[in-house]
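The lines below spell out each chain.
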Amino acid sequence: MLEHIFSRARDMRKMVEQDGGNDLLKGRIVACLFYEPSTRTSSSFIAAMERLGGQVIPITQGVQFSSVTKGESLEDTIRTLEQYADVIVLRHPDIGSATRAAHAADIPIINAGDGAGEHPTQALLDLFTIQDELGTVDNLKIAMVGDLRFGRTVHSLTKLLTLFDVSLRYVSPDILRIPMNILNPVIDAGIDVRETNDVSEVIEQCDVLYVTRVQKERFTDMTEYDGVKSYYEITPELMQRAKDKMIVMHPLPRVGEISEAVDDDPRAAYFRQVKNGMFIRMALLAEVLGR
Amino acid sequence: MLEHIFSRARDMRKMVEQDGGNDLLKGRIVACLFYEPSTRTSSSFIAAMERLGGQVIPITQGVQFSSVTKGESLEDTIRTLEQYADVIVLRHPDIGSATRAAHAADIPIINAGDGAGEHPTQALLDLFTIQDELGTVDNLKIAMVGDLRFGRTVHSLTKLLTLFDVSLRYVSPDILRIPMNILNPVIDAGIDVRETNDVSEVIEQCDVLYVTRVQKERFTDMTEYDGVKSYYEITPELMQRAKDKMIVMHPLPRVGEISEAVDDDPRAAYFRQVKNGMFIRMALLAEVLGR
Amino acid sequence: MLEHIFSRARDMRKMVEQDGGNDLLKGRIVACLFYEPSTRTSSSFIAAMERLGGQVIPITQGVQFSSVTKGESLEDTIRTLEQYADVIVLRHPDIGSATRAAHAADIPIINAGDGAGEHPTQALLDLFTIQDELGTVDNLKIAMVGDLRFGRTVHSLTKLLTLFDVSLRYVSPDILRIPMNILNPVIDAGIDVRETNDVSEVIEQCDVLYVTRVQKERFTDMTEYDGVKSYYEITPELMQRAKDKMIVMHPLPRVGEISEAVDDDPRAAYFRQVKNGMFIRMALLAEVLGR
Numbered sequence: 001m002l003e004h005i006f007s008r009a010r011d012m013r014k015m016v017e018q019d020g021g022n023d024l025l026k027g028r029i030v031a032c033l034f035y036e037p038s039t040r041t042s043s044s045f046i047a048a049m050e051r052l053g054g055q056v057i058p059i060t061q062g063v064q065f066s067s068v069t070k071g072e073s074l075e076d077t078i079r080t081l082e083q084y085a086d087v088i089v090l091r092h093p094d095i096g097s098a099t100r101a102a103h104a105a106d107i108p109i110i111n112a113g114d115g116a117g118e119h120p121t122q123a124l125l126d127l128f129t130i131q132d133e134l135g136t137v138d139n140l141k142i143a144m145v146g147d148l149r150f151g152r153t154v155h156s157l158t159k160l161l162t163l164f165d166v167s168l169r170y171v172s173p174d175i176l177r178i179p180m181n182i183l184n185p186v187i188d189a190g191i192d193v194r195e196t197n198d199v200s201e202v203i204e205q206c207d208v209l210y211v212t213r214v215q216k217e218r219f220t221d222m223t224e225y226d227g228v229k230s231y232y233e234i235t236p237e238l239m240q241r242a243k244d245k246m247i248v249m250h251p252l253p254r255v256g257e258i259s260e261a262v263d264d265d266p267r268a269a270y271f272r273q274v275k276n277g278m279f280i281r282m283a284l285l286a287e288v289l290g291r
Numbered sequence: 001m002l003e004h005i006f007s008r009a010r011d012m013r014k015m016v017e018q019d020g021g022n023d024l025l026k027g028r029i030v031a032c033l034f035y036e037p038s039t040r041t042s043s044s045f046i047a048a049m050e051r052l053g054g055q056v057i058p059i060t061q062g063v064q065f066s067s068v069t070k071g072e073s074l075e076d077t078i079r080t081l082e083q084y085a086d087v088i089v090l091r092h093p094d095i096g097s098a099t100r101a102a103h104a105a106d107i108p109i110i111n112a113g114d115g116a117g118e119h120p121t122q123a124l125l126d127l128f129t130i131q132d133e134l135g136t137v138d139n140l141k142i143a144m145v146g147d148l149r150f151g152r153t154v155h156s157l158t159k160l161l162t163l164f165d166v167s168l169r170y171v172s173p174d175i176l177r178i179p180m181n182i183l184n185p186v187i188d189a190g191i192d193v194r195e196t197n198d199v200s201e202v203i204e205q206c207d208v209l210y211v212t213r214v215q216k217e218r219f220t221d222m223t224e225y226d227g228v229k230s231y232y233e234i235t236p237e238l239m240q241r242a243k244d245k246m247i248v249m250h251p252l253p254r255v256g257e258i259s260e261a262v263d264d265d266p267r268a269a270y271f272r273q274v275k276n277g278m279f280i281r282m283a284l285l286a287e288v289l290g291r
Numbered sequence: 001m002l003e004h005i006f007s008r009a010r011d012m013r014k015m016v017e018q019d020g021g022n023d024l025l026k027g028r029i030v031a032c033l034f035y036e037p038s039t040r041t042s043s044s045f046i047a048a049m050e051r052l053g054g055q056v057i058p059i060t061q062g063v064q065f066s067s068v069t070k071g072e073s074l075e076d077t078i079r080t081l082e083q084y085a086d087v088i089v090l091r092h093p094d095i096g097s098a099t100r101a102a103h104a105a106d107i108p109i110i111n112a113g114d115g116a117g118e119h120p121t122q123a124l125l126d127l128f129t130i131q132d133e134l135g136t137v138d139n140l141k142i143a144m145v146g147d148l149r150f151g152r153t154v155h156s157l158t159k160l161l162t163l164f165d166v167s168l169r170y171v172s173p174d175i176l177r178i179p180m181n182i183l184n185p186v187i188d189a190g191i192d193v194r195e196t197n198d199v200s201e202v203i204e205q206c207d208v209l210y211v212t213r214v215q216k217e218r219f220t221d222m223t224e225y226d227g228v229k230s231y232y233e234i235t236p237e238l239m240q241r242a243k244d245k246m247i248v249m250h251p252l253p254r255v256g257e258i259s260e261a262v263d264d265d266p267r268a269a270y271f272r273q274v275k276n277g278m279f280i281r282m283a284l285l286a287e288v289l290g291r
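Residue numbers (this note's numbering), protein chains in the order written: chain E, 1 to 291; chain X, 1 to 291; chain W, 1 to 291.
A couple of the hints might just be wrong.
No copy is singled out in the list; a pair is fine if it fits within one copy or between any two copies.
[Unchecked claim] Heads up, simulated DSS-like pairs for lysine-lysine below, C-alpha to C-alpha not over 30 angstroms straight-line:
#, residue 1, residue 2
1, K243, K229
2, K275, K26
3, K26, K14
4, K159, K245
Hint data in this document are derived by calculation from the structure and do not stem from the laboratory.
This is chain E alone, in the form it adopts within the complex (with noise of 0.2 angstroms):
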């Protein structure tokens, strides 16, 4: 199933590089219903379906002030969109939001993130280009840094990693370490896996550096973040040390956390990888609208 999508958005790269859109999904809707705003993900949906020639209800702002305020139900929102989409995506603030809108639609529903959930179309992105960039995802050595506590993405993308065979390594500061409900699946699966504070101890061998932004707003002693905040911090000097044949990810938005002069590596892969995302919604669009 995940070749099939990402042979799927190997195409929609293709032809889009070619011929910038076609009409695959002409006639057809997509409601994005954003409870919360989300630029980067609502505007990669809706580039997604335009470059297949289908159309967008955006209801990406504002949700609050309007029927939802009035204390209409997501299940009742949901039956009267799907009175006018062929196919929803759904970004709510609660946990199993999605799977309740999936239970009240008879249309698809895409989960573009569901608060401290699940997040799947980035956990998806992440891996495809994961694949995409080194080849191959199994025998890669793959290190996750930053926020590992609340970084949704990676509780996400770990998931989908214990389907093959990688070595992981998590860089963390102490009070933003991997939880345990994560963690003890990788190691239940044979997962070669370890713990580290600071990013220097992995940057030699890992294939890929998942790089996650840490707040300074979860430190309550400043004294401790101005500490450790550069063992976090991926700069030029420290990728000199990294291997020739490697990648820099980042879900994005960061803020700081990798050095702009990073940008023109060539392993930097941070914004193909939001590209990528693009394709990955293609397909999934595509798949779920039957076409």
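Given chain E's structure and the hints, the job is docking chains X and W onto it.
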């Protein structure tokens, strides 16, 4: 004229079921100008235009932060937008605003609700739903339930129904009775009409049960509210006493006045009513754009 | 170059009048990234793209609630959006932001206003309107009226007009006079230029009366405001003294500085000017997308 629009709406439904969309309004642009957000209504118009191959300028949020707060008159905003668009759908909080807009514009204006004034496309889709579900409007007994005082949809639908040979039942708490200026024309038209306080008095005879929300906030005395609220709640038990061939309608959103357990009852027509809204708006857009 | 764009804009007008739209930019996507809402400008760009068969990612509201509040740099937002879109239209409150964006991007950036900086598409449509309405720019006497100190459109238009053989008249209250850094290059270009306080001094000779709003808030002394405001109001009486062949322009929105009674005067060109904005933007989009 009504029958002409309804006939086109049925054609639109057939087309959407078969093909999803067509190119009837290709190259045409609708500006959706919503001074108050209404996800339901704006989404319905957007989907209607898109399914006909037309395109949308979505001004469905934040009008209040833009030109308008710089003090521009409605007329100037309309005359600006008509330079870009072929038709304007207007939602505005002031009574009479749609008429003012139509006076200023050289292109068609569709009124999508002008405050406590009219909401004509809602009345059209309500009437269409009755006719479509029951095959006729004449000779039906139609009960409207809930907040009949402030419920704009009830007022607009009542006006349309006086064109037909119907019986009307108005079911409301005393403080939310149908206003005299709405009721008197009904009486003058010679229509069989009665008011009651309790939906159980009409449930057995009615062909249409048109439910609206009774807002707690309307009551100053909460014990009064608690005493009457059950008179206006539609439950599976109540539905057991209704005819086999009848329908329950609601303009939505609902907040508990129809139990979710009623949703699976084939007589629950409110989500089909939502979908009819799209077909009616497709018919209107095709009509005013002369295609 | 100007003439090339103007010629395409005239072609666009012909096409829209005949067909409504075409498929020139089919499969192309514009991201409209507005850090400040501007219904007029964003609607103009959206309509322009849609009439050419292209599609839009509308980020016209609430950018402030999204990625950006998470501290993402403008450069990163631009580099993200360029993965999805083929061209970005940027409105941003900071001077120089469009240049920064263009530096970061590999795709074209169109500046839709960068704070107190430039608003080049407005200047283009202003100049196009003058040429289109009066057949030429050279040898015209052009009066600019109102707030010449803060009025960005006046500054941008002035710069363009120094390329032509025109006479300029600046009409403003003393506290809102044209800034020296705008006026001096005009003088240096050898252009016939004068400043006055009263529009009645220029009304009889001018070919173009370009009106902008005098904001009450600029005055600390309200009696001063009341004393001068009539010097900048365009009324039917004033228009009786103007030439038969001249035009009144305004960047809009207006708030009383042109009487609505002037709207029906054939010399009132401000709504045609709005429409020209769409044609100019169509020409620019077609140009930068290489079609």
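Right, here's what the structure says about each hint:
1. In this assembly of identical chains, the alpha carbons of K243 and K229 lie at most 30 angstroms apart only when taken from the same copy (23 angstroms versus 70 angstroms across copies).
2. Taking the closest pair of Cα atoms, K275 and K26 come within 30 angstroms of each other both inside a single copy (22 angstroms) and across two copies (20 angstroms).
3. When the C-alpha separation of K26 and K14 is checked against a cutoff of 30 angstroms, the pair qualifies both within a copy, at 19 angstroms, and between copies, at 17 angstroms.
4. For a Cα distance limit of 30 angstroms, the shortest separation of K159 from K245 inside one copy, 25 angstroms, qualifies, whereas the shortest one across copies, 52 angstroms, does not.
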